[in-house]
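Work out the full structure: start from the sequences and follow the hints.
Chain by chain, the residues:
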Amino acid sequence: MLRVPGSKKNLLEAKAEGADIRILYSPLEAVRIAEDNPDKEVVFFAVGFETTAPANALSVIHAHRKELKNYSILTSHVLVPPAIKAVIDDEESKIDGFLAAGHVCTIMGNSEYHPLSKTYEVPIVVTGFEPLDVLQGILMVVRQLEANKAEVENQYARIVKEEGNPEAQKMIHQIFEIKNQIWRGIGEIPDSGYQVRPEYGGFDAKRKFQIEIPEAPENPDCISGQIMKGLKKPFECSQFGKKCKPTNPLGAPMVSSEGACAAYYHFSGLVEA
Amino acid sequence: MTDKKIRMQLQCPMPKLDFDVITLGHGSGGVLTNKLLDSGVFDVLSNPILDERHDGAIFQLEGKMAFSTDSFLVSPIFFPGGNIGELAVNGTVNDLAMCGAIPKYLSLSFIIEEGLKVSEFWEILIAIKGACEEAGVHVVTGDTKVVEKGKGDKIFINTSGVGSIHSKANISAKNIKAGDKIIVSGNIASHGMAIMSVREGLEFDSEILSDTINLNHTISSLLDSFGEHIHLLTDPTRGGIATVLKETAQSINLGIDMAQRDLPIDNQVASACELLGLDPIYVANEGLFIAFVDASIADDFLEALHKDENGANAKIIGTVTKEHPKQVIMESAIGGKRVVSMLPGEQLPRIC
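Quick mapping for you: the protein sequence lines, in order, are chains A and B.
Just so you know, the first sequence maps onto residues 249 to 521 in the working numbering.
Just so you know, the second sequence maps onto residues 287 to 638 in the working numbering.
Don't read these hints as lab results, they were simulated from the structure.
Be a bit skeptical, because a hint or two may be false.
In silico lysine-lysine, BS3-like type, Cα no more than 27 Å apart, as pairs [stated by the list, open to error]: (1) B:K612 - A:K491; (2) B:K623 - A:K263; (3) A:K263 - B:K440; (4) B:K612 - A:K481; (5) A:K333 - A:K256; (6) A:K288 - A:K333; (7) A:K480 - B:K623.
Note that the structure is predicted; figures quoted are calculated from it, not measured.
This is the structure in structure tokens:
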């Protein structure tokens, strides 16, 4: 997160300039910091898919209970099913099957994926993260494709239940409501994000500090949208390995080692493109 | 506290001082400074050269020498398995040992943030004394400065050290050739994870201890037995073993092949890394070294290291190869191959 490029700088650069930016493993830690420092405003950057939403919601529930006035979250939560739908809907998309994110489904369950699989006739396999999980998930998708099937299967059954985690879902729905969301590289997808409900407005940093986030100009050279739709490979990008590297990423897929572009970069020069 | 540390505390009880925190006055060179140094530093670390209390240390050293320096900023300053004091001694002692030198003399400089408790400073001093005795080195010169609150972080320490090169040592990356075996002296990632477990905001319950220790006696004994068959010694502190291997591969323009299953790691450390999403090959180590040795002596080297108290978990982790120069390729636990690259940023700041 610290190195994701912003419009003018990234958080690491802001930290070097003196901003009090801390890495925490839990939003509840941010609540504690707010409690211990009543004269400081504490804003937790609440980012992620549905996986991290329950903990972030819980932090607001705690802060609300403690009647804290100096804690808020800056939300940028995105939802997986609308993103899958946006990718399949695109006529140019070359995606034949999906590995659904195992930890997202741990929270939300598998119910949202059945209609997608049926309508668009794509296999969707809920997959875990260990190497064997990924291999098995891929095998399950390939087997479906070869048998001309299109269903939702659960490879990560040791963790994921069909109904997900109802307690976590309750927490999310208590604090968040669904809204349209702009996705970097794709554009606006309807009903694909969370925002804090008005009744918890005091904990919504956007509302509290009247933040207007202008649409960030995408770097014109960054083709992350096409990469995510399977239309281009990272090395087909004009800036791959040139202006765009892990030390100076132009877009999200180059920042994290889990991003497609970063993964290709680490192997560049060793595999034939 | 270990038995050794308790004994040390009893041998050197904290003197009765009429102040319990260090203030700016203690660093300004006047009466207060003398009080702190006289009753503290000089008494605890006393030796004939230091006792001269001259502007610099005057001593005799014969032959080829090594010189090394390091600064220590670890936060928090007290962590499971040690404190910044022993880190400061062991760090420079080990760097000298990596050069193939017998460490002899250290300089010791403190930059103290005002408000540091004297009792904490004392505990750090005792740790320094203990570490020096274990390593067989002496602090012969030093400096103490105090900065205003907010301009430091409790205490920063710099140590520089000199030592004489072991008669049989011929340490240089230029000596590394294809076929050399790469040996790690013990379990990886322990120090980094010990720090993580007490780093504010990330605390978790564990019994992971930092592995900070002086390695010079171990190295000296290995040099006695294997001399110039030891091509390179290096200690993988910040950035972990991955960074050191990658840097070496790049500098010698040769490749390194290694396997994940060969890496020795304590179970608790491995679990903690997984919990926090950290890759152990990038996590900082302290009491650990990596040796590039001639293949012909690799097995004997390993056997000798296993008999040493600092090498019980040593393993051969890789081979230098003519293939894929400058690249470190690691075979993963399930048989796939991955490229080990440099981390673009800091996994965690101020771990040593």
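**Report entry** Structure versus earlier hints - violations, ascending order
**Finding:** Structure breaks hints 2, 5, 6.
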